[in-house]
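Asks: Residues per chain are reported as follows:
Number of protein chains: 2
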Amino acid sequence: MVAGPRYAALIASLPASVPFVGPEVQERRQGGSFRARLGANESIFGPSPAVREAITRAAADVWMYGDSEALALRSAIAEQTGTTLDNIVLGEGIDGLLGTLVRLLIDPGDPVVTSLGAYPTFGYHVRAAGGVLHNVPYRADREDLTALCAKAWETRTKLVYLSNPDNPMGSWHDGAAILAMLDRLPPDCLLLLDEAYLDLAPDGTSPDVAADDPRLIRMRTFSKAHGLAGLRIGYALAAPDLIRAFDKIRNHFGVGRLVQAAALAALTDTDWLAHVRSETQIARARLGQIADENGFVALPSATNFVTMDCGRDGDFARKVLAEVMQQGVFIRMPAVAPLDRCIRVSVGPKADLDIFAAALKDALARL
Amino acid sequence: MVAGPRYAALIASLPASVPFVGPEVQERRQGGSFRARLGANESIFGPSPAVREAITRAAADVWMYGDSEALALRSAIAEQTGTTLDNIVLGEGIDGLLGTLVRLLIDPGDPVVTSLGAYPTFGYHVRAAGGVLHNVPYRADREDLTALCAKAWETRTKLVYLSNPDNPMGSWHDGAAILAMLDRLPPDCLLLLDEAYLDLAPDGTSPDVAADDPRLIRMRTFSKAHGLAGLRIGYALAAPDLIRAFDKIRNHFGVGRLVQAAALAALTDTDWLAHVRSETQIARARLGQIADENGFVALPSATNFVTMDCGRDGDFARKVLAEVMQQGVFIRMPAVAPLDRCIRVSVGPKADLDIFAAALKDALARL
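Chains A and B, in that order, give the protein sequences. If you read the first sequence in my numbering, its first letter stands for residue 1, the second for the next number, and so on. If you read the second sequence in my numbering, its first letter stands for residue 1, the second for the next number, and so on.
Incorrect hints may have been included.
What the hints assert, rightly or not - Straight-line C-alpha distance at most 20 Å; calculated DMTMM-like pairs for lysine to aspartate or glutamate: (1) A:K319 - A:D269; (2) A:K151 - A:D183; (3) A:K361 - A:E323; (4) B:K350 - A:D61; (5) B:K350 - B:D340; (6) A:K350 - B:D61.
What the hints assert, rightly or not - From the structure, some residues in chain B lie toward chain A, with a derived Cβ separation under 8 Å: (7) P5; (8) F20; (9) G22; (10) E24; (11) I44; (12) D144; (13) D188; (14) L190; (15) L228; (16) G230; (17) L231; (18) R232; (19) R244; (20) H252.
To be clear, the hints were calculated from the coordinates, so they are not data collected in a lab. As the structure is a computational prediction, the values presented were derived from the model and not from experiment. All C-beta atoms, glycine included, are put in the ideal place defined by N, C-alpha and C.
Let the sequences and hints guide you as you build the complete structure.
Replies: Shown next as structure tokens:
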């Protein structure tokens, strides 16, 4: 008899789910390359020239494992964020950090609180740890801080997830509102604040809370404004006890040497970040104009994408999306009602947005 | 009251352990750079020139997430290994794949079988999943296949770990012996075969078993012969059911775009691999000569390192290692008796081995 492996109890109950169908997978399904890639909130403005140089320089050294403590990069992050080395852990993108954090806190059956329609990969990791998701609806296209707090008390959850600025709506709360939320949450509940888009948000969007505060962990990434999505690196800021706990289970050499070098170059090129912020504002305005011209409403955005209310229901927005995709233009949309009345378009250079504008016009003409 | 996070039950019981103290961490502790880096079994011969070109080319594209299905790379692996796409999953080095596999199989309290002194990172991941390690001693400096089988039946384990060729001893079994072991294991026990060093081993070291066989999973890496340790990429070959199970919990975008491109370039540059194999043989011979000259015995090696029996006990070998390290030469040694009568030295170019030879001679003169 050949029986094959016996899986862990939890694993046997999980579907083999993929939280996101990647752009290349979609291209293969469609049978052609995208003419514009505006669906994954990547930074089409590219990485900084300094990053490209750092990568080329690092190419000869890839035979060496990376520094498992990533001292140079973590020191630079500490300096830029006004924290200490003990407040910082790196990971394979925020996705990797989310998976590790969930495993640190969640036992099978534990409740976890998030917003209905928020980042699917967070929910994926919660299910992989056996956690039970409790979702709170958005209110006026923003995550509802009051409802999240109420649900946290009701479930006595260990963990609340909030993205600020938010994906997929592009909305945000100011730091003072987050701080007030923190004071209203149960004191033994950890607030996981996903700040992936913070570099593109107004000043004051991050709460003014000491990194040593044990109630909060912030996660940030080099995948968005810094343009390093293809390298997979992010970091978490939290109290030293929680940061040390990552060392119990994380892949210690998971963030490689070349990636550390590239992220350090990105972090120190503040001119490039200013350039990307400026280009992002121009592109948001252009996307607002395109929405207008087609009878859609562009929602305010503190991110590198603009979510457009198509003015009808989810079925209509799905048709719009399908027609735009049909023309080789990659965009996405929120998954659940009522958010799914919208489509979501990443910012990018004028040429890419012009392709989208033409595709949207054609799509609506056909519908 | 500010309480801070509540950890999962298992996590609270784990130490914040680091399975390996990295070279940079050791350099900082010693207060200086290593003159020769011969302790981490990296490929000092470097990556192929084609890899360096691929990395430079990929630098402009790092703003894009990698293909989550890694179709181009997995297709090349399938072709080279005579398997299909359904047999292959990529991960952030073998370390990353080990962690995911252990989580797929092991419930808290489950027994796991390995050799006493084998790869510490495997044990680290087992503890992180709540598994209980059952260790079998080496026999004549090789992992003991018969004893591993007996322990598997005794514990009715779900999982046996075997590295072949072996780290830290450099020894190996031929593929026929592994195949015979597979037939003697409980049929519902998975054999995890870590083939990190396979590229440097004699032909026939890997068992001739179909990739669809549900009793076996093989893990391979680009960190050793291919010289990509600093990029973190490895892959697993197994039956489609098991490969699909990885999709339940893995970080789907964890292996980035640039890393995929570099690994593809490495895989297709078979000339470079032949060069590294040839240099490795020369270096092994040189290390054998150095051992001889100092009254040590070089053990036979099918890897990119040579383990040298210092001829006395662990305390003596630890003194040798400390004296060599004192001179800025990074080497390592096995952690447990009786293997710890040895030191372990990675292969490398002549200049590096000459530095080691001089350091060893000085070390022994002082002892």
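Asks: None of the hints should be skipped; say for each whether it holds.
Replies: Results of checking the hints against the structure:
1. A:K319 - A:D269: Distance of about 41 Å is beyond 20 Å: violated.
2. A:K151 - A:D183: Roughly 15 Å between the alpha carbons, so the hint for K151 (chain A) and D183 (chain A) holds.
3. A:K361 - A:E323: holds, 10 Å
4. B:K350 - A:D61: holds, 19 Å
5. B:K350 - B:D340: Violated - the C-alpha atoms of D340 (chain B) and K350 (chain B) are around 26 Å apart, more than 20 Å.
6. A:K350 - B:D61: holds, 19 Å
7. P5: Interface hint status for P5 (chain B): holds (4 Å vs cutoff 8 Å).
8. F20: OK, holds: F20 (chain B) within 8 Å of chain A, min 7 Å.
9. G22: It holds, given that the least Cβ distance between G22 (chain B) and chain A is near 4 Å, below 8 Å.
10. E24: The hint holds - E24 (chain B) has a Cβ within 8 Å of chain A, the shortest such distance being about 4 Å.
11. I44: holds, 7 Å
12. D144: At 23 Å from the nearest chain A Cβ, D144 (chain B) fails the 8 Å test, so the hint is violated.
13. D188: Constraint on D188 (chain B) satisfied, holds at 4 Å.
14. L190: holds, 4 Å
15. L228: holds, 6 Å
16. G230: holds, 3 Å
17. L231: holds, 5 Å
18. R232: holds, 4 Å
19. R244: holds, 5 Å
20. H252: Cβ of H252 (chain B) sits 6 Å from chain A, so the hint holds.
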